[in-house]
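Line order of the protein sequences matches chains W and X. So the first sequence is residues 531 to 938, counted in the numbering used here. So the second sequence is residues 531 to 938, counted in the numbering used here.
Since the hints were made in silico from the structure, they are not lab data. Treat the hints with care, as some may be off.
Unchecked claim - With a Cα cut of at most 30 Å, we get these calculated DSBU-like pairs of lysine-lysine:
1. W/860 with X/884
2. W/747 with X/746
3. X/786 with W/620
4. W/555 with X/746
5. X/649 with W/786
The residues making up each chain are set out below.
2 protein chains.
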Amino acid sequence: MKPMISVQQAEQLIAGTIRDFGTEKVSLADSLGRVLRTSIEADRDFPPFHRVAMDGIAIRWDAQRSRDHSFLVEGSQLAGAPQKSLGSPKNCLEVMTGSVCPEGADVVIRYEDVVFEEKDGQRWARITVPAKGMWQNIHQQGTDRAQGATLMESGCIIGAPEIAVAATVGQSYLSVSRLPKVAILSTGDELVPVDQQPAPYQIRMSNSHMIAASLKKWGIDAAIFHLTDDKEGLTQKIHDLLKDMDVVLITGGVSKGKTDFIPGILDELGVEKHFHRVAQRPGKPFWFGTREADGGCAVFALPGNPVSTFLCYQRYVAPWLQQCLGIAPKSAIQAILAESITFNPNLSYYLQVKLVSDTAGQLMAYPVKGKGSGDLANLLVSNAFLELPPEKKTFEAGEAFDVYRFGF
Amino acid sequence: MKPMISVQQAEQLIAGTIRDFGTEKVSLADSLGRVLRTSIEADRDFPPFHRVAMDGIAIRWDAQRSRDHSFLVEGSQLAGAPQKSLGSPKNCLEVMTGSVCPEGADVVIRYEDVVFEEKDGQRWARITVPAKGMWQNIHQQGTDRAQGATLMESGCIIGAPEIAVAATVGQSYLSVSRLPKVAILSTGDELVPVDQQPAPYQIRMSNSHMIAASLKKWGIDAAIFHLTDDKEGLTQKIHDLLKDMDVVLITGGVSKGKTDFIPGILDELGVEKHFHRVAQRPGKPFWFGTREADGGCAVFALPGNPVSTFLCYQRYVAPWLQQCLGIAPKSAIQAILAESITFNPNLSYYLQVKLVSDTAGQLMAYPVKGKGSGDLANLLVSNAFLELPPEKKTFEAGEAFDVYRFGF
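Required output: the full structure, derived from the provided sequences and hints.
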């Protein structure tokens, strides 16, 4: 039997095939969750003018004398109106939040600290709490970011704040990473569609739906196919998918069984194998390869067991996909094992855990009891895999390990 | 001046208006990210039969004698094929991962531990590593979950694992929370559309796009409107929205300025005010009310400053929405302040922080330097608001505080 490679080796071999799917332009509204592929600069200063930050009156700092000093009100400066000027440095203008600070003024005193009085048919503003300094309650032009400053870099994931900033600088269309064309092919004679009643020896398909749902995180609408364990049919279908797709995810058919045709078929079809079998549980029979022809295609052939499929997707496929999309690899997150665990086989063990952030700000990983890799229902009560390295058999409560999160 | 309410009071008043928007049926593929509103039970045992977990041979435990014991191979049990029986308890069947364990067998020995030999025209399987116990490499029927067991409860968010389990139990359509009809109305004469060049005293709209993007997390496609500070136009539009919508989110026009018509209009239109002004920074002028007529409508009128809008959405609107959708309120997550901070006003202060999970599994909150509530660009480099309570002025590095995350 050939020696298996480690999870670190598998990770490196996969990382060696990272490729760029190109870019496309999408509207601002459609850019949510996509990966920016250009830098975005400030087209104006942030803020673009001395912006009034409180409703009140604008005065000149060196005109203010003391508490109860009164200023003649010349008028109002509304938000969205062209900038006015103080007629006399001794007077004031009422100003509204979001308006331009009037020319000649450099302090805003909020309404709460002003009393308005009528004298001789004129309106006066008497200050009850004097300003403490120049530019009080004024958000000065350019203090957050200068015109031309880089606000977002290529590779950032576009969330709500990014959309707000892109809107502010007038980017109605954004250049983002093109999404790859992905096919999911499930195999196995034991599988029936979701809406069908399985015979006692059959089960319903679930892997393809699970992976398709996971891919939607990146906006990818995968095409789903199922084929039975018929070598000729599988060969024809995979041949077509390799030509049309950027990524083919196959579940099942990669182990040592009589109908595990996938590795042989991929070899026949000219897919270069990078590895088969990884020293891990679950997911040992994982196969990975690439084909250069027809624009290139990466093939992840995952073990058919649902938890194995999901682990391999989360641990290997998702990070690869992220980097192909232009997202910088994240440094590993660690969590603290909450209960001691023993695991004897000389394999990396992906323990299903429930991550809980405790009141002291620590990320605790509680093992979810289960029957090993087959226990699909346990994925419902866990939200991460904790990676326990093969060098040890006993893992003590309180130790920190790398963790791979999933779930909302 | 009226006393302001605390953030805890605001939270409670909002929580008092939580309502149910009802349910709807959606296809399994469309259910991703939605909230389940029924419990899902196992229609069969998990696994539904004694499932072979490794490719190899199935034997009877009490037939195994020792290392090098040979079994006559009667045939093969493939995945997806009806269950076979061992003809003789002394023989074996080859079995494939995912197949039913043959009747009469209770142990599977994996191919790695078997050598096949031809003798007298018959095929024999010689064991090189004997089984260690009954049911080895067999995932026994019902060991994960029993038929009838509740797998998912009403209120869970449907992610990839939930989709896999729903598929497994044959749920092609799921009952989920109906999404509310939401309108976002931005106000302010200073705002121009994203694709327009602003005059020196104008800025482009960003709040409505930011909130619309945030609502998409729940699958909500909000309708976006903008109106200038014209009382009559605003009144007519808000009147219509109150009738048609479940939730109206307004940005701007809630402060003390001359054109801050929103609180007055909402009062005129019969929206019951629950509070106006909260002792917090940013977001002090936050207004909240509800209207019972026409099926009910909740109105969140948020301050127009982008960071104020975003904080109020994340801190108040999103948790309310989650609970309306049937998601149990989450217990607060805490993070550890990484640098000491001083904040003098007697207000709850929402500090923009960058959360980083350190190698010891601690969630650290690094303050992002900024000019206060106006600094929209700082949202790009932060991913959470840390809630610093009003009772103190100085917050020491190492202290833990509640944190409100946003971002991917």
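Here is what the structure says about each hint:
Only pairs whose Cα atoms come within 30 Å are accepted, and residue 860 of chain W paired with residue 884 of chain X is accepted, the gap being roughly 15 Å. The hinted pair formed by residue 747 of chain W and residue 746 of chain X meets the criterion: a straight-line CA distance of about 12 Å does not exceed 30 Å. A C-alpha spacing of about 24 Å is found between residue 786 of chain X and residue 620 of chain W, which places the hinted pair at or below 30 Å, so the restraint holds. The hinted pair formed by residue 555 of chain W and residue 746 of chain X meets the criterion: a straight-line CA distance of about 20 Å does not exceed 30 Å.
In summary, the hint linking residue 649 of chain X to residue 786 of chain W is supported, as the alpha carbons are separated by about 23 Å, within the 30 Å threshold.
Against the hints set out earlier in the document, no violation occurs for any number.
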